[in-house]
Amino acid sequence: MDVRSVVFGALAGALVGIAAAFAQDSRNLLEQKESLYNNIYVYEQPPYVSMTFGHNRRIYTESVYNTRDDRDLPVEYTRFMTASLMYAKELHSILEIGFGGGRTSWYLHRYLPNVAVTSVELDPTVVELAKKYFGIKEEPNFRIANRDGRLFLSESKDKYDIILIDAYRGPFVPFHLLTREFYQIVKDHLADGGVVAQNVEPSTMLFDSAVKTINAVFPQLDFYRADGNIVTVAYDGAERKAEDLAGLARDRDKAFGLRYSLMEMLSQRRHIQIAGGTVIDPSAKVLTDDFAPVETLKNIERHNRKLP
Amino acid sequence: MTAPSRGSSLAIYASAFVVGGVLMGFEMLGSRYLFPYFGGSIGTWASLISTVLCALAIGYFAGSAIVSLYPSQKTIGLFVLIAAAYLACVPATADPVMEKILSVLGDGPSATLTAATALLLVPLSLLGTFSPIAVSLLTRTAEDAGRVAGLVYGVSTIGNVAGTLFTTFTLIPAVGSRAITYIFAAVLAGCAGVLFLPLGNKI
Chain A
654 MDVRSVVFGA LAGALVGIAA AFAQDSRNLL EQKESLYNNI YVYEQPPYVS MTFGHNRRIY
714 TESVYNTRDD RDLPVEYTRF MTASLMYAKE LHSILEIGFG GGRTSWYLHR YLPNVAVTSV
774 ELDPTVVELA KKYFGIKEEP NFRIANRDGR LFLSESKDKY DIILIDAYRG PFVPFHLLTR
834 EFYQIVKDHL ADGGVVAQNV EPSTMLFDSA VKTINAVFPQ LDFYRADGNI VTVAYDGAER
894 KAEDLAGLAR DRDKAFGLRY SLMEMLSQRR HIQIAGGTVI DPSAKVLTDD FAPVETLKNI
954 ERHNRKLP
Chain B
9 MTAPSRGSSL AIYASAFVVG GVLMGFEMLG SRYLFPYFGG SIGTWASLIS TVLCALAIGY
69 FAGSAIVSLY PSQKTIGLFV LIAAAYLACV PATADPVMEK ILSVLGDGPS ATLTAATALL
129 LVPLSLLGTF SPIAVSLLTR TAEDAGRVAG LVYGVSTIGN VAGTLFTTFT LIPAVGSRAI
189 TYIFAAVLAG CAGVLFLPLG NKI
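As you go down the protein sequences, you meet chains A and B in turn.
Quick note: the first sequence uses the working numbering, first residue 654, plus one each step.
Quick note: the second sequence uses the working numbering, first residue 9, plus one each step.
Hints are supplied without guarantee of correctness; some may be wrong.
Stated by the list, open to error - Below, a list of computed lysine-lysine pairs in the DSSO-like style, where the Cα atoms sit at most 30 Å apart: (1) A:K840 <-> B:K82; (2) A:K907 <-> A:K894; (3) A:K907 <-> A:K742; (4) A:K812 <-> A:K790; (5) A:K840 <-> A:K742; (6) A:K840 <-> A:K865; (7) A:K907 <-> A:K865; (8) A:K812 <-> B:K108; (9) A:K810 <-> B:K82.
No lab work stands behind these hints: they were computed from the structure.
On a predicted model such as this, the values are computed, not experimentally measured, just so you know.
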């Protein structure tokens, strides 16, 4: 009985993929690095630098950095991740799970220098390349932990006002970051009035299950549509009224001088009702540590259901 | 050497396939038990794979050591049955055990190796004894040994492949990890039952 044949098969497949990436590229490749988890490519197309994983650049772009402007967020959904700022009751600490090139957390750090921003990234090479090419440096109130996101939270005793989740990257969908048990751990680490924002890619059935799973732990869901992605903002308790959110949005836009105005984002807010079954497939299952077929769900295209 | 009957040979080859399938299927399932506690890192996979291979080495050595003492179908049937019983205990006990390991050892290599060991080592070592004993039971003459060994390992490796793919692409998407573990336990118990049947062990 032997597992070697399986391992060699996988290796051969990976090599073919790398070769394909070389063949099709036209942008200027600054560096490629094989890490513990990914084949990472850093490309330059002035003034932008981008990081991609795996061999499919179209799908697996992780992060884009404007080298002339470190507060620019060129990828639209990352702007909507900051919509979470108008939900949190207090703003003392922010946690980001899934750092990548670190644009979102760096933006938050630059505009809210007095708020402790912590990012958790599994892949040490991603952090290394972010520091080398994406203008990232660790400094007071900006910390990066090299850890599995769930493990970090399980072991942490801290609470956060905002938890941003953007951890399924490139070809990898870590199932243990998409289960009800995981979101329960997230909830346990939210401060009073805290909020979760998660980037979810809406083209496959994984979207329905992911949203339903978030909803199993957080009763309130708001969607923000960005091209190709949906940012889900989730929180506990009663639904926040638009006028209350507007109050906080106005205050914080002014207090921090935010480039991407919370007031403008608020106009894009869609409060979601799961129960009707119009938005989310009623047959979609809540994912648990026991049952989470994330790869399979990701392979089923989403049909016939309108996104708000 | 006494030749096994036709029915008996068939039962042994079929069991080699099934045991091979469950073995790799349970390794794939191991990731579902470990990831929530120790993260989805390459270290967790390395621990799982090395533990499986260790278990196989132990099984092969143990099998070769005892094969001359207890060369019977009942011996392998018994080992498969004990492995089935171990698997049947896993769903109810895995979470407290993983939690304990996480709290005592953290999440480094020693923790993932310990967790993989707790989960896999005992049942897979028992299943590892299958092939050497099966080869011995099926071999009639000394010249026959190579041919039989090749067949047993070939069949069992095809079982490995089938178990890996079936678990990953059919079982995990359809039912929960705990249920799959019970299915594996039941399949192994059935396999042990077949091995216990008096299929004319000796002519």
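Which hints, by number, does the structure contradict? Checked against the structure, the hints that fail are numbers 1, 7 and 9, while the rest are satisfied.
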